[in-house]
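Asker: One-letter residues, chain by chain:
2 protein chains.
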Amino acid sequence: MTSFAELMAFQRETEALSQVAGRLGWDQETVMPRGAAAQRAEESGAMQSVLHARRIDPRIGEWLEAAEAEAVDDTARAQLRHIRRDHARAMRVPGDLAAAIARQAALAQGQWAEARAADDFATFAPVLAEIIALKREEGAALAAGGDIYDALLDDYEPGAKATDLDAMFSALRPRLVALREQALQQAGRRAALEGRFAPNKQMKLARKLAKTFGYDMARGRLDKAVHPFSSGSGSDVRITTRTSESDPFNCIYSTIHEVGHACYEQAIDPTYALTPLGRGVSMGVHESQSRIYENQLGRSRALTGWLYTEMRYAFGDFGVADADAFYGVVNALGRGFIRTEADEVQYNLHVLLRYDLERALISGDLQARDLEAAWNDRFAADFGYPVARPSDGCLQDVHWSVGLFGYFPTYTLGNVYAGCLHEALRVAVPDLDAHLSQGRLDPATEWLRENVQRYGGLMQPRDLITQATGAAPTEAPLLAYLEQKFGELYPA
Amino acid sequence: MTSFAELMAFQRETEALSQVAGRLGWDQETVMPRGAAAQRAEESGAMQSVLHARRIDPRIGEWLEAAEAEAVDDTARAQLRHIRRDHARAMRVPGDLAAAIARQAALAQGQWAEARAADDFATFAPVLAEIIALKREEGAALAAGGDIYDALLDDYEPGAKATDLDAMFSALRPRLVALREQALQQAGRRAALEGRFAPNKQMKLARKLAKTFGYDMARGRLDKAVHPFSSGSGSDVRITTRTSESDPFNCIYSTIHEVGHACYEQAIDPTYALTPLGRGVSMGVHESQSRIYENQLGRSRALTGWLYTEMRYAFGDFGVADADAFYGVVNALGRGFIRTEADEVQYNLHVLLRYDLERALISGDLQARDLEAAWNDRFAADFGYPVARPSDGCLQDVHWSVGLFGYFPTYTLGNVYAGCLHEALRVAVPDLDAHLSQGRLDPATEWLRENVQRYGGLMQPRDLITQATGAAPTEAPLLAYLEQKFGELYPA
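Taken in order, these protein sequences are the chains called F and G.
Position one of the first sequence corresponds to residue 0 (numbering that gives the first Met the number 0), numbered consecutively onward.
Position one of the second sequence corresponds to residue 0 (numbering that gives the first Met the number 0), numbered consecutively onward.
Take the hints with a grain of salt, since some may be wrong.
Stated by the list, open to error - Below, a list of computed lysine-lysine pairs in the DSS-like style, where the Cα atoms sit at most 30 angstroms apart: (1) F/Lys223 / G/Lys160; (2) G/Lys200 / G/Lys223; (3) G/Lys223 / F/Lys203; (4) F/Lys203 / G/Lys484; (5) G/Lys203 / F/Lys203; (6) F/Lys223 / G/Lys223; (7) F/Lys207 / G/Lys207; (8) F/Lys207 / F/Lys223; (9) G/Lys200 / G/Lys210; (10) G/Lys484 / F/Lys223; (11) G/Lys203 / F/Lys207; (12) F/Lys223 / G/Lys210; (13) F/Lys203 / G/Lys200; (14) G/Lys484 / F/Lys200; (15) F/Lys200 / G/Lys223; (16) F/Lys207 / G/Lys200; (17) F/Lys200 / G/Lys200; (18) G/Lys210 / F/Lys207; (19) G/Lys160 / F/Lys200; (20) F/Lys210 / G/Lys223.
Since the hints were derived computationally from the structure, they do not count as laboratory data.
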């Protein structure tokens, strides 16, 4: 057995254990008895400790050294690149620090929930300061002299640099601000949904949508959870959604979004299963798939025409006269505070705000205690109205509490990638709308499968998008798409 | 940190991982996508390999040596006894042999299913011979010069010896044969259930029964599976049942049976959670709980009186005139071939048959190729009619195919223990029937919790039953109970 083969066998077992650990998370959010939480924390902790021990196993270093000479093709070299990177990252962070972060994150998550419920940022600020200090320490260990924020960002988006994001994001921000201002001057004249939408009918429609968008139910399942998510790789990729009796779009678009994530995982070359290549390559690329399914396809005029008929069939009359009005309702812009409820235009403004603030928190330019004021100032500048309470502002997202710094920008990067892919898809499938208006997603999902999804972790994220679209990714296609779509929906 | 504390911390993590591995099994039987089977096999294999590595970790031996002097109380000494035993067993079986057994068992399980479907024992015999040879090798390694069958039996019933079982079982057999003959002379005059029983109504009733028998739904859940089972320990103990539209008793009594197993796990002293004492102490004691819930309580005249009313309420008229007739239907004896469908009297005859045959297979007195003939001879002797096909005979159970030798006798040992416990319970709660007839199980389940369940693995199985009942366990109470109950139901 070659060193490469030994390393891959070891890695395969690690990947299998990682799938098991991930499924514990699925179980916890869907079917776990409510009294089992404390025991589950120990179970998850034990799995993480097994996985950590494997990631820093000294044999990996020995195998890697010997395997370099044995890696004869691109696939083998890509496997080694992932293994080397993961091993190096795991080795750089001292065990004590990793444990301290895990402990503080668990603590802070609980305190964040209490602070949000009480709308009290001041009490939470010191807890946040502590997790920031620990993450700075981790970032410094990972960066090994380089940029700390980049080192954290790299965890979610390998190869990405804040300076590249800065250029992209500063081009997006003014035009998004202008677009939302123009649109909101016209708001208030939209139709709205009326009536109640039975949860079981929503779930039935969600199942149909999942299949229509290409999700393979034989290798997955759809359940309800408080927060929708997709979980797992290979042949067991599960998704969840939720239902609100007054707002069926919550269920419908959460489902399509998670289907995008899940289809990516399901489409990866099966020969990569249970290897480092057998997972989506980055959060940004993952989000590009969920967002193009949800928005560029799912909220298109063509697809919503078909969806309108499906919804009439499922729910009867819900107070929207025709497909054209329905398209307007699906894409309605409004004033709001919450990122997860935001439309396509304003969503990215939410993300850019968090990106700038978290960079300042990590660099030390902004102190945790000053976050609420900084948030509120920036929000007023971009959205034009004030935040009245922290649960509508800097306490709305859990991310920072659990140590997720460098994660937020991948949301907008995903939207940027989705814009590039959508532009290329429209060129490749000129009659796409004719298909979408009949509820046929195959031409789109097959193009994405063929050009993006099947590669798994083979290429670096940017290279993958460049190869798929024929050009390096920029914000221009996303901006053009948004300005065209919402300019038409909300003419000046 | 003392060696004892270090050992217990290590063990706690092992127990947590073992719970995770067990839950993978639950997932597979209830919610796993059908296309995920191959990946799941790798995931389960990876978990088993992690668990095996921990069981033979050389630090355990060192800790044990140092910890002996530190174990100051009975609980600590019982923990060490379990850890020492598990470690010694794991160390005695060479890794290659354990892997060969796992491989052959997986292979044989598939071939057994095919052989049973084709009613073809001859093709399966060599596969069975191979797993027997491997299990003999394992038994020899475990026995270290002692009796091979006892060494296998010890895996399921610590401390039990075949010579003790022989005495018990040979006293049972003639009286059970006589009792079934007497009863079946009277058979054919019973009422039977009529109509269809909607699965959702069965599940609703099953949930009510589970709660009535004391199952804590906040630390468990009830789902459907092909074969009912209970899974997990501590605060996450899940059960499954199944429904047949024509036979609601399948669902009802499977549920009560699994509730017995689950209540045992749920009642164990919470300070034992995630330690070797935090699980049911043996298969025999486990089965004593499931069987006393199912039979001595669940099929009693008093409880079936209450259940009759519940069933009338759930299903309307099902062709049984009154509670007395219903009691007869619940406890009807009939001619059959299948262990899992057998009544209280004939069930143990099935088990005794398997026990004698598996002892002969392990000792070498019986060759795998001669099993079908030996089975059919013994069946005709005990049941009085011939087996026409192996799916009704020696191919009906999966156990031997997957290497379970020494497991079958724990079923009857459990019934024997249940007989002893029931006798003591009736003395302790003289008005038990008055409670049961009102659907009040608490006096029975509290007595079992207090006298058996809460102890977990603290005592050896025999000692536990002896302490609970005030006398060493014998078959006499079970025989007296069966002869009284079925003598009255089927008078000569």
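Asker: If a hint holds in the structure, say so; if it does not, say that too.
Answerer: Status of the hints after comparison with the structure:
{"no.": "1", "hint": "F/Lys223 / G/Lys160", "verdict": "violated, 50 angstroms"}
{"no.": "2", "hint": "G/Lys200 / G/Lys223", "verdict": "holds, 13 angstroms"}
{"no.": "3", "hint": "G/Lys223 / F/Lys203", "verdict": "holds, 21 angstroms"}
{"no.": "4", "hint": "F/Lys203 / G/Lys484", "verdict": "violated, 51 angstroms"}
{"no.": "5", "hint": "G/Lys203 / F/Lys203", "verdict": "holds, 23 angstroms"}
{"no.": "6", "hint": "F/Lys223 / G/Lys223", "verdict": "holds, 18 angstroms"}
{"no.": "7", "hint": "F/Lys207 / G/Lys207", "verdict": "violated, 34 angstroms"}
{"no.": "8", "hint": "F/Lys207 / F/Lys223", "verdict": "holds, 15 angstroms"}
{"no.": "9", "hint": "G/Lys200 / G/Lys210", "verdict": "holds, 16 angstroms"}
{"no.": "10", "hint": "G/Lys484 / F/Lys223", "verdict": "violated, 48 angstroms"}
{"no.": "11", "hint": "G/Lys203 / F/Lys207", "verdict": "holds, 28 angstroms"}
{"no.": "12", "hint": "F/Lys223 / G/Lys210", "verdict": "holds, 25 angstroms"}
{"no.": "13", "hint": "F/Lys203 / G/Lys200", "verdict": "holds, 22 angstroms"}
{"no.": "14", "hint": "G/Lys484 / F/Lys200", "verdict": "violated, 51 angstroms"}
{"no.": "15", "hint": "F/Lys200 / G/Lys223", "verdict": "holds, 23 angstroms"}
{"no.": "16", "hint": "F/Lys207 / G/Lys200", "verdict": "holds, 28 angstroms"}
{"no.": "17", "hint": "F/Lys200 / G/Lys200", "verdict": "holds, 22 angstroms"}
{"no.": "18", "hint": "G/Lys210 / F/Lys207", "verdict": "violated, 36 angstroms"}
{"no.": "19", "hint": "G/Lys160 / F/Lys200", "verdict": "violated, 59 angstroms"}
{"no.": "20", "hint": "F/Lys210 / G/Lys223", "verdict": "holds, 25 angstroms"}
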